Structure formats: C-alpha cells, structure tokens
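Fit chains C, G and D to the known structure of chain B by using the hints.
Top line first, the protein sequences correspond to chains B, C, G and D.
Per the working numbering, the first sequence starts with residue 1, numbered consecutively.
Per the working numbering, the second sequence starts with residue 442, numbered consecutively.
Per the working numbering, the third sequence starts with residue 717, numbered consecutively.
Per the working numbering, the fourth sequence starts with residue 834, numbered consecutively.
Because the hints were derived from the structure by calculation, they are not lab data.
Since we're looking at a predicted model, the values are computed, not measured.
Where is the CB? At the ideal position from N, CA and C, for every residue including glycine.
A couple of the hints might just be wrong.
[To be verified] Computed footprint of chain D on chain B; a stretch qualifies when at least three of its residues, placed anywhere within it, have a C-beta under 8 angstroms from a C-beta of chain D:
(1) 121–134
(2) 140–147
(3) 170–181
(4) 283–293
(5) 308–315
(6) 327–340
[What the hints assert, rightly or not] Reference excerpt, derived from the structure (chain B facing chain C, CB under 10 angstroms, subset only):
(7) LEU66
(8) ARG89
(9) ILE114
(10) ALA189
(11) ALA202
(12) ASP204
(13) PHE206
(14) ARG222
(15) ASP231
(16) ALA255
(17) LEU275
(18) ARG343
(19) GLY344
(20) ALA346
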Amino acid sequence: MSTAVTKPADPSVKVIEDSTCTFCGCVCDDIDITVKDNHIIDAKRACVLGKSWFYNHHADDRPSCLIEGRPASVAEGVDRAARILTAARYPIIYGLSDTTSEAQRVAVGIGDSIAGTVDTTTSVCHGPSGMAFQGVGEVTCTLGEVANRGDLIIFWGGNPAESHPRHFTKYSLMPKGMFLPNGRKDRTAVGIDVRKTKTAKAMDLFFQIKPRSDFEALWTLRALAKGVEVDPKQVKDDTGIELARWQDLMDRMKAAKFGVILFGMGLTMTRGKHLNSEALLSLARDMNAHTRFVVKPMRGHGNVTGADNVVTWQTGYPFGVNMSRGYPRFNPGEYTTSDTLARGEADAALIIACDPMANFSQPARERLKSIPYIALDPKDTPTTRAATVVFTTATYGINVPGTVYRMDDVPIFLRPAFPSPHPSDFDVLSAIQRRVKELKQ
Amino acid sequence: MSLTLRYKANTSVPVEVEGLTPSAVRGLSVSEIERFEIFNGNRKLPLAEFFDVSGDSADGRIEFLGNLSGVHWIGAKMSEGEIHVRGDVGRHVGSEMTGGTIHVHGNASDWVGGEMHGGLIHVHGNAGHLIGSAYRGSKVGMTAGTILVDGSVGNEVGLTLRRGLVAIGGACGDFVGFNMAAGTVLVFGQCGNRPAAGMRRGTVGLFGGTPPTLLVSFRKSGVFKPLFLQLIFRQLQSLGFAVPSDCWTANYSLYSGDHVALGRGEVLIRETTAS
Amino acid sequence: MPILETFILIPGRTSKQGCGISEGKFEDGYQHEITTLQVAPQDMKRLGLVNGDRVRITTESGRQIEVAVAAAAGDELPPGLLFIAYGDLSSRLMEGDTHGSGMPTSKGFDVTLEKLS
Amino acid sequence: MSTAYFKIAGGTVYDPVHGVDGERRDIWIRDGKIVAAPSDPDVRPDRTLDAAGLVVMPGGIDMHCHIAGPKVNTARKMRPEEKRKADKVVRTSTTRSGTMGSVPSTFATGYKYAGMGYTTAFDAAIPPLAARHVHEEFEDTPCIDKGFFVLMGNNHYVMQSIHRKEPERLRSFIAWLLGAAKGYTPKLVNPGGVEVWKQLQGGNVHGLDENVAHFDVTPRQIIEQVSRAVDQLRLPHSVHIHANNLGMPGNWRTTLETMKALGDSRGHLSHIQFHSYGGGEADENTFNSKVVELAEYVDAHPNITVDVGQVLFGETTTMTADGPLGYYLSNSFGNKWFSSDTEMESGCGITPIEYKNTSLVHSLQWAIGLEWYLLAKDPWRVVMSTDHPNGGSFLAYPEIVQLLMDRTYREETLKHVHPAVLERSTLAGLTREYSLYEICIITRSGPARILGLANKGHLGPGADADITIYTPNDDKKVMFELPRVVIKSGVVIVDQGEVREPVNGKLLYVAPEWDVSIETDLAAWFEKYYSVRFRNYPIPLDYLHEPEEVACR
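Pulled out of the complex, with its shape left as it was, chain B reads as follows (with noise of 0.2 angstroms):
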C-alpha cells in the first residue's frame, strides 16, 4: 500500500496523511497532520475537538509508573498490580473505551485469568441501546449509507453540532450522496430535542418535546405508524407537541426514500433509559412496513464501540461480563460498574482509559477511593490522581497503532504521529497480563 508519509523542505517536519482521530465516534480518518519536533502543528481537516486533540498533545512529563504517589520502574507497578488483581476476589476491569482494540483483547484476557468483571464505559453511554437491541433487535446501516441515501434525518436526543461536529458535513447533512446530488438540499433534516441545541439550529424542522417525554413522542409516531387512532390532547399533554405536527412528521418518515434516525444520550441517560432506546428501535423497525428506515446510536468514545466488538466476540456478551464463576455471565444492573462500585461489592479495580472518579455516582465513587486500583491513561485526572498504582501510557492514534471501531462497527486503521517515551496500554497490560499468571502458578 502507498506510503502516507509525505517529506516536506524541511527536515525537520513530517506530514502523515489520512491519519486517525479517535478523539469520537466518528473516527474521521482523513486528518493531514504535520509534525514539528515531536509536536503536532497542524491537523488538516480536524474538527475543533480533534484540533484540540491533536495541538494538546504533549508527552506528560509525570513517569510511566506512580505507585502510591511515589515514582517507581514500571515492572514494579506491574508487579504491584498483578498482586493486587490477583488477590481480590471480586475485581472488576472497567474503561476500554479510548484506547486499541489489541488492548482491549488483552484486558478481557486479565478479566479471564482474575475470574473478574469486565465492563467498559458503553454501560454508562448507550449500554440501554445495547440492552434495547437485544430485545428487539436493530435496522442500521454504515455511515457511507446515510451519506449516499438518506433523505431524511433525524437528530433525536442528541447534539451532534458540539459533541460530534464532523457528522454533518461527512456523514449526515451535506454529503453529496450516490442517491443525493445536491447534497444537503435533498435532505430533510429533523431534530427532537428537550433543548433548542446548535444542532437543532441546523435543521428544517424542529420539535422542542417535553423533558422526558420522549418514549411518549415514540409511542405516539409508533402509533401513527401503525395507524393507531390516539387522542390530540394527550398527544400535546405527553409531548407538548400538536398532534398535526407529529402526523405532519410522519407523512414525511413515510415518504421518504431512506430514513435515517441518529439518537443520543437524550434517551439511553433519561429516566426511561434502555427502553426509551427500545422505543426508537421499534419505531425504525416499524418504518420498514413502509419504506426504507435505520437507526443509529451517536457513540461518543474513539473506540467504544471496538470495546464493544472485542468484549462480545471474546466473551459472547457485550459489556458488564462477570467471569468469576470461571465462564462468562451477563446481567446489566448487576455486573455493570455503576452497581458492582455504588453497592460496595468490587473490591479491587483496574481502570483503563476513563475517568470514573470524576463520572460515577458519590457512592460508587467513595466505593473506588476505598479499594486498591490500577489506572491506565496518558493525562492526569481525578481517577489517576487517587489510584494504587498509575501508568502513564502513550495515547493510541497519535504515537500508538493498532485498529479502532467506528460508531458503525467500521474497523479504522491507525497512523501514529511520533512515539511516546510512555508504554502503550497493550504493553503495560501484557504485562501485567504475563505477571497474573506467573503468580497463579
């Protein structure tokens, strides 16, 4: 395959083209980016996150290895944390989101070897939309499909324009598609929102539902879908939405050529959760009597959803995977972290690529601070500053290959920048990997 190095005048300065951004789900592989000494100087293409991304990229001077505070070789913290993982007997491994999925077969490995828990951040993101599919099952597509067909869009309970800024002109909105010529003029795009968002801005029609009130607005197009009479003053009471308007909706769902829904945390994190999520999926599976409809999580981490993928073809099962009976269980609400930390059952933890110190609920919070636990990332934060032992790892896509999966389960390549003087994720778990199971000789 063709090189993607480019060598400019000066020596000094390296080009990489079509490199990766995993900062989110969109997993845009189209980022020139131009080095300069080890730091990155321009990032074509990038979005305003991914600028940020890219330009905030600095080695941390912290050491590779912190073992209660203290500055220790990272075979030491190795060490450390396979005794700690080893000795526990509900441990749990926890993140997985931002980092490669060559790390992440490692980490469900240690989960196998320790009989632990592994969960990544998918059950506090669209983990509801998983559970949801598993009940219904889901009609969704690639996000080269929605640019090529879909005609009309709609943006439920989620803000693209701030947490996925990219989608629109790549994916969603203004591609000239296939199907589309003319790009974003033969596209109808809807938002439904409890919040007049920047996305809402950008679509020709929107709908300021009821807070909460979306599975009532999802019955209600259900039932319009269906044909099902329903009552205009219930509709406006649920949804604080004129029933005409709804109908007027689902006119246009029914006409369209290739509908398109992309939904966000507005549903899996508001009271509802997992079957508000089963309500859309419904109503997109109910579409297809009519003409052609998918749905689409908006998946936020860079590879989430490769966390996703390996946790399921490793184990069977999505996410929260309890292995302590020496095979795979699952049972959302019982092995997933939010539960197995806020009712005080893991009692140790290894945290790779998140920040649950600063996310979880104060009583799963105070449940980490009191066990020992091993935390992974490349920056410091609330999580790293409170752990046993800390590596600091090099960040994947910048200085780390490997694979990554985009929010439509579109595996990406990845083209490191410049290396890192920290270890990468897969080295420190292989490792500790290796350690486990010198010690359960």
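Relative to chain B, chains C, G and D alone:
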C-alpha cells in the same frame, strides 16, 4: 425440625448459593451440608465458612436467618419444599424455580422470581426491580407461579410475563408489565409511569393512589365490576396477602391495549369514586 | 428569604467541555465549563440572577452542588430547564441505583435552585 | 518448530486422494508436515503414537460457515438469552472461557471445531469494509486454519464494471479487492437483490433477468461475469454463490438457471438445500423437493460443486448478507430482527429461528438436505455443511454422519417428522449408506479439492499434518463427536476431547495479480462514495497473524 442456616459471614463480596435447594440437601448430614460448596466472588468455599448449620433437612424445609442482603440466588431453580428467610435477601430469589414455596420475612433485592416457571414466592417486605421478569434478551419471562410482595417494588415488574400472577401490595416503579404476553400483574399501591407499555395480552390491574395516565395507545372500553377480580382477590387472601377492603366494592375502568403492539391486553384502573 | 424553585436539570456534552478534556481536566477552561450552570434568560430575570451568582442545586434525594450561573445563549433553554456541562459536578447528583440497567439516571433531574447570598 | 520425527503408527488410514480406503499404515510427521517414511531404517521417531485399531483421517474442513466478523459478532451480542442457558465453556490453565449457543464466542469456536476433529474453516460472507474485524477475530479463534470469502454480488464497482462492459477492469478489481481484504474468493449473495433491498421497501429481485435499478445490470450478468473473471484469475476456489430466491417455494428454477448461467465456468453453489424447492410462490401446500432434477444436472456438469446446508431440528440464529431474506425470516418467525446495510458492498440480516419436526416446511428442508447427500452421485462435489449456524450448528456434523452411514437410524428419525415428507421427497425410498471412505471425502478431501488446498484433505507427503484419529464405534455419532486425538500442524491439540495445546492456526489468503492502472479511477470513485479513505482500506500483510498465501491454479 427443619434445616437452619444462620448467616455469620461479613463480606462485601457477593455470596452465591445457587443450588442450595431443599431437594439438593434433603437427606444430607449437617457435616455434608457444611461442606456444600458456594461462591464468594471468584472463590469456591464450603458453606460452613458463611453459615452455622443446624437441624436436619429431612422435611425439605430450609430456614435462613440473619441479614442475607449480600447473599444471592436463594431458592434459584428449586422444584419442591419450602424456604423461609428471616431477614433481608439479595438478588435472584427463586430465579427459574419450578415448584415449592419461598417466604422472605424482610426485603428482597432485584430479579425476585426471574423467569419463574412455578411455585410461590411471598416477600413480606419490599422488593427491587424486575420482579417476575425475563432476563435481558428473552421474549419469554415468567411462565407460571405466583409472586406476592406486601411492600413496594421497583421498575419493570413482570417484564414480558407469559403466564402466572404477580401481586404488589405497595407502590411499583415504571414500566409495570412492559411487553407482557399474558398473565396478570396487580398493583395495589401507586404505580410509576408508562404502565403496561407494549403489552400484547394479559391483565394489568392498577388499584392504588392517583390513577395513572395510560399511553395514547390504550382505549377506554367501559366501567364495571369484573367478577374474575373477586376470584383473584379471594385467592390472594387465601395466600395471606392483604386485599384492601375498598377494592372489593370499587368500580374499575377497563382499557384495551397496547394498540401499538398486538392490543389484546387489558388494563383495569380502580375508580376513586366509590360505588 | 431565599429563592427556592423547582427545575429540571439536564447535564450534557459541550464542545468546550470536549476540548477541555484534551487541554486537561485540571485546567481553568475545563473547570469553568463544568462548574457553570446555564439558566434560561427569562428565569435569570425573574429570579434576579446575574452571571456569576452562586446557587445551590438540590435533588429530590438531597444530593447538592454549588455552582455559578450564566444566562443560556438565546433561546437554547426554555424556562424551567437548567443545563450544565457533563462532568464532576453534574455526576455528583446521580444516584447509585441503575434500575437494573447499569446506567444511573444522569439527565433530567428534578432539582430545587437556591440563590446563595 | 523442531525437526524431530513424529510417527502415527499402525492406524487404519483413510486417504481418498491416494485411494487409501481403510488400510493399516504409518504416518510420519516433521516440521508440521506429513513426510515420507525416512529411507534410513535406523531413523527412529522422537515420538510415536500407537494408532493400532484406530481410524486415521485428515483433519475436517468446513468450507462454508459463519464464525467471524460483524454479522457473527452482532448475532452473539443479540442472543444473551440463548447463551445464558447454553453449555458453559469454563476457563482452564491452557484455554480461555467462553459461551456457546448457536453463535459461540471466538475461543469456544476454535476449541469446539478442534474437539470435533475439524482443523480448517472458511467464513462464507465478509464485507471487505469489515475485513480487518475478521482478521482480529480470527487471531482469537485458535486451533483451526481460517480464511473467508469476500462479498461481491452487490458491490457497486463490480456492477458498474459489468454495466460498462469492462471485463478487464472487473477482473482487476476482483483481484485488488481480494488483495485488499486478504480474502480467499468472491462470494455472490443474492446477486443484485441486496442492492434493490437498499433502494426499496421490501425490495428484492425474483429472477435472474430482473434489472437492478440505477446500476442497470441483472443477476445473470453478475453471475456470468464474476465466475468468468474468477477462472481467468485462476483462483484456487471458484466463485462461491448464494443464489437468488433462497428459501422460496419454486426457487429450484432460479437455482437451475444460476447453474446454467455459469456456462463452462467453475461455480460452487452453497447451502444448495435452501435452493431446491418446488411449489408455487408462498404456497405451502405445493412445497416439495426438487433435488432429483437438480442433482441430475450437477452430476452431468463437473464444473459445478455444492455444499448442502443441512437443516437440523431445534433453535438457532439465522445470519445472512442477504438483507431482504433477513426481513422475510424475521416477519415469518416474529422474532427480533437485525439488519445492517454496508455501503457500496453488502447487506446483513439476523434473526433467531426454530426448526420444528412438526412443521411441514422444516421437515422437508431436513429431508431435502439428506436427499442431496444420497442422490448426488459424485461425493467429491457434494460437501457436508449446515451453513453454520443457519441450518444448525457445526456441532451437528456427527449427527449428519450417522444419518448418512446408518439407514436404520435415518428411517427411525424419519418416523418423527411431518408425514407429508414421505410424498413430497424421495428420502423414504433412499437406501444408500455412506462408507467411512465417502464420509472422509465429503468432510475432508472433497472440500480441500474444491477449495484448491493442495496441502489439505490428504495424508501424503507435503500435506499439512492436520490429522484426526477416531476410536471406531458402531454409533457413528459417538465416534465422530469425540475423536481420540486431533493433530494440528503436527501438534497434538486435542486428546480424548480435552483441548491440550490450543495452537493459533493460519490465515489462508490469495494474492492474484491486477492491473495497477485501475487504481487511479478506483481511488477517485472511492473518495467520492466511501466513508473511509482509499489509502486506509487495504490491509497490509504485516497486520495478519500466521498468513499463508494459497497459490492460484
């Protein structure tokens, strides 16, 4: 006398006693039962490390004593006999049981009678989420048996229920009877939002508190005094479940639904205006 | 006597918060973004709040945070709705219970807002 | 690997490629390969396995299954209710834990194939956009050599090249795409039909000459042109075809047309059972078997090979790149439904189903599968498969062996299926019983020859030392379920059903030449329509674990 298991352990790590059923221990000596292997997280350990064992198992009756809120799968898959728990219990009480009786004199956690296939569970305190429900991904929930909870419960009671009776004395959370295929769920206290959503067949009774608004996909088809309710109430009373007096005489509005699904289900809401 | 009003609070992602993660979670930019509560201009006016005023937010179960307020841009927020960038503070309002889903309810909290003088 | 000799002594050897039919032989192994016995009589093997009284065959080869990639992994995610109740795969000191059900986790898949004496398997339907995913899963699927077929029957560039009448461009694109994905051969799934499904509600094609809108090509043209290109590229295997109208009453005519459309080109028709139905469109009362007619045509046309796609009774998960089929099945079974369209390339449908022996249709499907084994005259061109997991799990192969080798068992089973099978198929009248020699052909030597794997399916010098040793048993199911020893590349990986040493297994791929001048146009087209960059699409060789190029013919 029956077999008595007094919980003495003090561990935050889940204790799982799957398989410790009356039929499994019947005829075993105390010392054999003390060697019965259970799980504490990822460690397989003898029962005696967690329980004081006394009495004998001949009569197929097990008494659990103490705070067992960290002990899970009590009575899971049991097919006969009796289990009495004096104290709180953890998750999956009577999960997939096919027969026998479980009484919890205390509170129970989530998944009481998960995918139950027969028998009776009576929780005399409160219980958690997903009572008498299917486990994730399954379109077949509880297929037979009776679950009674005197107190209040959480969300998704009777998720995809296929057959059987679930009665809640107190309040219930959201999505009671979600995607129900048949069977009966009765709630005598306040119920949370979106009751009976997606129900295909079966009966959901909402008898307490302020009557909830059903989803737009339900249709009112009248007000009456259904005879079969009287029969169920009598059955409940005979099982020692308290039925509020006004329920016997009240009028009930009948709603059909969920018309987004098959629409052959019925929701009965007690009219607050007494007849 | 303190203003005490009920609102619905929605934490969510913002591009500033997203950039802040890369800049560093202990940097001022990120900290400022996740500790600022956005209030609908009409509500600001009605409650006599000005940008920078400190308020205490309390959930039904009594979980509390104290934050500075800022008027939401244009008509982004309808009256009665509050917004805060997803982060440490917003997460402090979550309960441990996930309702058998693994996901704590993290958006749409019923809260009371109390002006701190 | 060491250069030490490993000798399997005195086993009853079945090696159809060399006409060896149950003769007592020694087999010498060195460097993971089978070698000639050393000429020097003083040379002693470093290890000897006494196989006296045991049956020795090459390792089994599954040439059509679904074991890796986005479709399979989604099916795993989708079925927690099935996995929760399935047999447990418990971690040991040498093996990983996993889950079973109709779609086992990766490690479990490798262990179970090996435990059954199979050492090679090909995934039959991979969208090249997801090839990287497949290679990752394959690396976590131990004990077996692996490869996959690349979906091209609805590929936009394929259809465009055919429409423009540019056979050279088509040939070069096929070679380029196989090289980019590191795949094995082109796969046609419902050629043209999936693209129509993407364009229209319930869309599909129903015959070989229906036009595919926007691309203005027909299924017939796709079959003719791609099969021709594959032969011109001299690929080891032929084009691999999942014909149009799968599962539909009366579809045997479409199947016959598909065979005829191949002309003189080689073609493999997969899961032929699902394509051998008589009767009227959606009319169950006329649903019947057309194996006699189709088998006759296959017998007379040596360019055509088939695998059966046997149906077994019980629950399973259907998964297919045939999007409209997935929609049809989910509606008829009323179960949860997954569908995913892959840009420019393919579709995907997944839904759980149950085959019931009380159902006329399911019973006939079961019978039609068996008819294929028993009616087709040349076992070298009929391969055992269940289209795992679509007809049933690969773990049902021992059951199928018994149905073929043991007529009384077959007749006993026939008593418990829907009675109409007796009139609507010829099964009841078929007395043929397979020999071990023939079983060895349809599970090893045949698929190896059809796939063009010169080093597999036989026990002569030069062959990979992939060997299965069975304890003879009148109950053939028991015999084939539990091999005594399984050897992979000269290493004993399974002993008495226990996985001892889970070696990794190789990735088998082809590397045909293409005219690089197409890459300019290809890149431009690619950047216009794909959501990933052209440069990031091809998979470099160093990404693969233990790759082995299989030479073109």
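Query raised in the report: Given ALA346 (chain B) as an interface hint, is the shortest Cβ-Cβ distance to chain C below 10 angstroms?
Result: holds, 9 angstroms
Query - Interface hint outcome for ARG222 (chain B) [beta carbon to chain C under 10 angstroms] - result: Constraint on ARG222 (chain B) satisfied, holds at 5 angstroms.
Query - Evaluation of the interface hint that places GLY344 (chain B) against chain C, nearest CB under 10 angstroms - result: holds, 5 angstroms
Query - Interface hint compliance - ARG89 (chain B) to chain C, C-beta minimum distance less than 10 angstroms - result: Interface hint status for ARG89 (chain B): holds (3 angstroms vs cutoff 10 angstroms).
Requested in this report: Between the segment 327–340 of chain B and chain D, see if three or more residues pass the 8 angstroms beta-carbon test, and mark the coverage as holds or violated.
Outcome: That given contact holds, which follows from 4 residues of the segment 327–340 of chain B lying within Cβ reach (below 8 angstroms) of chain D.
**Report entry** Restraint outcome when ASP204 (chain B) is required to lie within 10 angstroms of chain C by C-beta distance
**Finding:** At about 26 angstroms, which exceeds the 10 angstroms cut-off, the nearest Cβ of chain C leaves the hint on ASP204 (chain B) violated.
Report task. Identify whether the interface hint at ARG343 (chain B) stands, where standing means a beta carbon of chain C within less than 10 angstroms of its own. Result -> Nearest chain C Cβ about 8 angstroms off; hint holds.
Query raised in the report: Close enough to count: is the Cβ of LEU275 (chain B) nearer than 10 angstroms to one in chain C?
Result: holds, 6 angstroms
Report task. Answer holds if the nearest beta-carbon of chain C is closer than 10 angstroms to that of LEU66 (chain B); otherwise answer violated. Result -> violated, 27 angstroms
Query raised in the report: Are at least 3 residues of the segment 170–181 of chain B within less than 8 angstroms of chain D when you compare beta carbons?
Result: Satisfied; 5 residues make the cut.
Query - Outcome, coverage hint (the segment 140–147 of chain B, chain D; C-beta under 8 angstroms; three residues) - result: holds (count 7)
Query raised in the report: With a cut-off of 8 angstroms between beta carbons, are at least three residues of the segment 121–134 of chain B near chain D?
Result: The restraint on the segment 121–134 of chain B holds, since 3 of its residues have a Cβ under 8 angstroms from chain D and three suffice.
Hint check: violations occur at hints 7, 10, 11, 12, 13, 16; the rest are consistent with the structure.
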